[in-house]
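**Student:** Based on the provided sequences and hints, a complete structural model is requested.
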Amino acid sequence: MSSSSRNFYEFFGFDRKLDLDESALQKRFYELSREWHPDRFSRKGPDESARAMENTAIINDGYRTLRDPVKRAEYLLTEEGFPIGEQRSKDVPPELLEEVFELNMALEEMRSGDESARPQLEEAREKFVSMRGEIDGQLKALFARYDASESESETAKQALHEVRGALNKRRYVENLIRDVERALNPAISPAQTVEDRL
Amino acid sequence: MGTFQIDFGEDRQSKIVGIDLGTTNSLIAVMDLTGPRILEDAQGRKIVPSIVSSLPDGRLVAGETARELLLTNPERTVYSVKRLMGRGVNDVGDELKLFPFRIASDSESVIKLQLGSRTYTPPEISAAVLRQLKDNAEAALGEPVSQAVITVPAYFNDAQRQATKDAGRLAGLEVLRLVNEPTAASLAYGLDKRKEGVIAVYDFGGGTFDISILRLHDGIFEVLATNGDTHLGGDDIDNLLLRIAIEDIGSDGGPSIADDPEGVQRLRRAVIAAKEELSFAPETKISLDYKGTEYQRIIDRPLFERLIAPIVERTLEPCRACLADAKLTPEDINEVVMVGGSTRIPLVRTAVERLFKAKPHTELNPDEVVALGAAVQAGILSGEVQDQLLLDVTPLSLGIETMGGVVSKLIHRNSTIPASATESFTTAVDGQRNVLIHVLQGERELVKDCRSLARFDLKDIDPVPAGFARIEVRFLIDANGILNVTARDARTGKEQSVEVKPSYGLSEEQVEAMIQESFDRAEEDLRERQMREARVEADTILLATEKAQKNEAWQSLTPAEREAIEKAKQDVQAVYNGSDYRLLNEKIEALNHATQSLAENMMNSAVRGALKGTKID
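Same order as they appear, the protein sequences are chains F and L. Heads up, the first sequence is in the working numbering, so the first residue is 5 and it goes up one at a time. Heads up, the second sequence is in the working numbering, so the first residue is 9 and it goes up one at a time.
Just so you know, the hints here were simulated from the structure itself, not pulled from any lab data. One should not assume that every hint holds.
Claimed, not checked - Residues from chain L that keep clear of chain F, each with C-beta distances beyond 12 Å, as calculated: (1) Gln51; (2) Arg185; (3) Arg223; (4) Gly227; (5) Pro290; (6) Ala359; (7) Ala386; (8) Gly391; (9) Ile425; (10) Ala429; (11) Gly475; (12) Ile485; (13) Ile549; (14) Leu550; (15) Asn585; (16) Tyr589.
As the list claims (entries may be wrong) - No more than 25 Å apart at the CA atoms, straight line, and that leaves these computed lysine to aspartate or glutamate pairs for DMTMM-like: (17) Lys335/L with Asp140/F; (18) Lys417/L with Glu178/F; (19) Lys367/L with Glu325/L; (20) Lys31/F with Glu325/L; (21) Lys335/L with Asp23/F; (22) Lys203/L with Glu39/F; (23) Lys335/L with Glu185/F; (24) Lys509/L with Glu560/L; (25) Lys75/F with Asp486/L.
Just so we're clear, the structure is a prediction, and the values are computed from it rather than from any experiment. Backbone N, C-alpha and C define an ideal beta-carbon position, used for all residues, glycine too.
**Tutor:** As structure tokens, this is what we get:
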């Protein structure tokens, strides 16, 4: 996504940090909305209305991106030249290879109506959810390390590199959790599954 | 004689009206110094039934008049047309079984309804309701109305929103904003109370169900999540009762009423009356006495509740999904606001109370609160309301078709609008000039399970080797929840032309043509009216002339004068039944002129007669 022309951090007036104060962000979001929402410009000329709509789209897109730690980190990585890329969820993290193999067998059984796989899947879900929690902890530490480092420095680059690795793993685990949940509750349509965030 | 016009200059801006264009009923409201206010018609009625009937001369009438015609002229009358807005023929199979919609055979991506000898699209029918509301408002305000805020169900998709906007344009209204109905209700609800906290708006209307969860903070109304069902409402309860009553009547051995449209409509009225009565009475009677069919059935509340329980249950699933999307539990909801006529049903109230563990607010008139909120939003747009701001969301995810019939999501549901996403496209073949992008709405992963919105054709791409072109396409959902697509060639920076092919709904050209036609019709109507007025005048002068010819004054005219009058009279009669009112007026003027001396003579003889004390006729 090309957003370089309208940087969210700049628009909101925040430093390019990975850790952001959510209540300060929300306050700023409300302020900017009051200033730029198209409702305030409906009786102005078409140029001003169009600009209001453009800016409000940036405000909303930016708020949506920045308030979510995962999306925020992905955004900053892209901005800093560390694109997440397309390969993000294809490669199985080596330490999960064996578990994923077993999980896939259990998922197959469950989907074909074999209820005996249920306890195994429930156990797997619990495990992956706690794994996701661990990754979130790592991310938090990495965010702090990046924010404390000088921009463009080697430490900063190393931190971003590790953030990318953690995000890829998190995404992988997230997809596993989703697959397990769908197999356990096939009645819940995709419209109703909640995308868990940090 | 000219009338006096006061020019208030730039300072004086005409009112923006707020309209609740409902499935069953519609209302129009405006913001006053004291707050929002519903505008009444000349008879003091606030509610305009969303019913439209086609008169034999092809004109459409809406509201109370059409409601009466629904009984006597059911073949030329439609109701609940909101259910068809923005939908294709294939979508409405279920609807057709329950509603007396007569779909014209040439319907394709837009449904056309047969009313008498003409066909009408749903936006044209809705425009008739809007025109009635506009007329009422203009009469009540004493000034022309040209700009409006119109409410739509929060869960309306792009095509349904576009159809509503088209209806506004066809009615001669510039639609400044489409507002989601539950959000509008929250504006009316939170306006004077300075509410803070998280509220749920449960909006169960005639044909649609919406649930929205909002955070109210310092005048900002931020929608956190919304969900719903655009085909679930009080109509469904009516149809259920109607089906039971029709079966009853059939099983009594009498003549079946199902094939008698008027009988069905009378029975429908009877079941609606019973349904409404059951909201406050423990039992009621459905009764019909029509063409020898005497039907009576006692229905008590427990039975009624058993019958409608599945319908009420269907509203709860979207509520749970909405809570999950807002990442909230029922305990987080501070208050529940009830909107829509169907929330008068006690079972609905109990179900909502049980789900949200909070007593629902019922002190607002559920029929009026949406229109009042629309007027508040109109006030925000005009600048009359300064400190309130609405931040709404898109109800459905937006995506594009990718390889293998899979949808790639670009803007997720419940994103605050305006919202945008940019995606790059390239060519697959050397020298390729076009790229077709298929845009869909919905939450499912496969194209076949989502709602096709439109195909966008990127045209006249510079012919370059495969993979070299880079077209950046921006998808922007505006504050009305409607998609706008623009494209740019990233290599040259120049704007790329995009042709939109909506999957459902009218194209821009079709809307323009309909507006033009309505202008033409308006002109036709005007000509027709002027012709009638001219005929009235002709009648008057012809009658006066004929009378005068029997008067003694006639004899005092020269033969030439008499001949001239006779000729002028025949001239008037000759063009009397034509369609050129100007020509008729000309001939009337000529007759007027020719009879001038006759009139003077009569006047003189009248004076003489008066002096002689004789009575003149």
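**Student:** Would the pair Lys367/L and Glu325/L pass a check requiring their Cα atoms to be no farther apart than 25 Å?
**Tutor:** OK: Lys367/L and Glu325/L at ~19 Å, within 25 Å.
**Student:** Verify that the Cβ of Ala429/L lies farther than 12 Å from every Cβ atom of chain F, and report whether the claim holds or is violated.
**Tutor:** Given a closest Cβ separation of 7 Å, the condition is violated.
**Student:** Would you assess whether Ile549/L, listed as outside the interface, keeps its beta-carbon beyond 12 Å of every beta-carbon in chain F?
**Tutor:** Given that every Cβ of chain F is farther than 12 Å from that of Ile549/L, nearest at about 51 Å, it holds.
**Student:** Since Gly391/L was said not to touch the interface, does its Cβ keep a gap of more than 12 Å from each Cβ of chain F?
**Tutor:** violated, 7 Å
**Student:** Check whether the Cα positions of Lys335/L and Asp23/F lie no farther apart than 25 Å.
**Tutor:** holds, 21 Å
**Student:** Grab the minimum beta-carbon distance between Gly475/L and chain F and tell me whether it stays above 12 Å.
**Tutor:** Given a closest Cβ separation of 15 Å, the condition holds.
**Student:** Can the restraint linking Lys417/L and Glu178/F be considered satisfied, given a maximum Cα separation of 25 Å?
**Tutor:** holds, 17 Å
**Student:** If I take the minimum Cβ distance from Gly227/L to any residue of chain F, is it greater than 12 Å?
**Tutor:** violated, 9 Å
**Student:** Verify the proposed pairing of Lys31/F with Glu325/L, using a straight-line Cα cut of 25 Å.
**Tutor:** violated, 33 Å
**Student:** Taking the shortest Cβ-to-Cβ distance between Arg223/L and chain F, state whether it exceeds 12 Å.
**Tutor:** Answer for Arg223/L: violated, closest chain F Cβ roughly 10 Å.
**Student:** When you look at the beta carbon of Ile425/L, is every beta carbon of chain F farther off than 12 Å?
**Tutor:** Answer for Ile425/L: violated, closest chain F Cβ roughly 7 Å.
**Student:** For the pair supplied as a hint, Lys203/L and Glu39/F, is the alpha-carbon distance within the 25 Å limit?
**Tutor:** holds, 22 Å
In terms of the numbered hints stated before, the structure departs from hints 2, 3, 4, 7, 8, 9, 10, 12, 20, 24, listed from lowest to highest.
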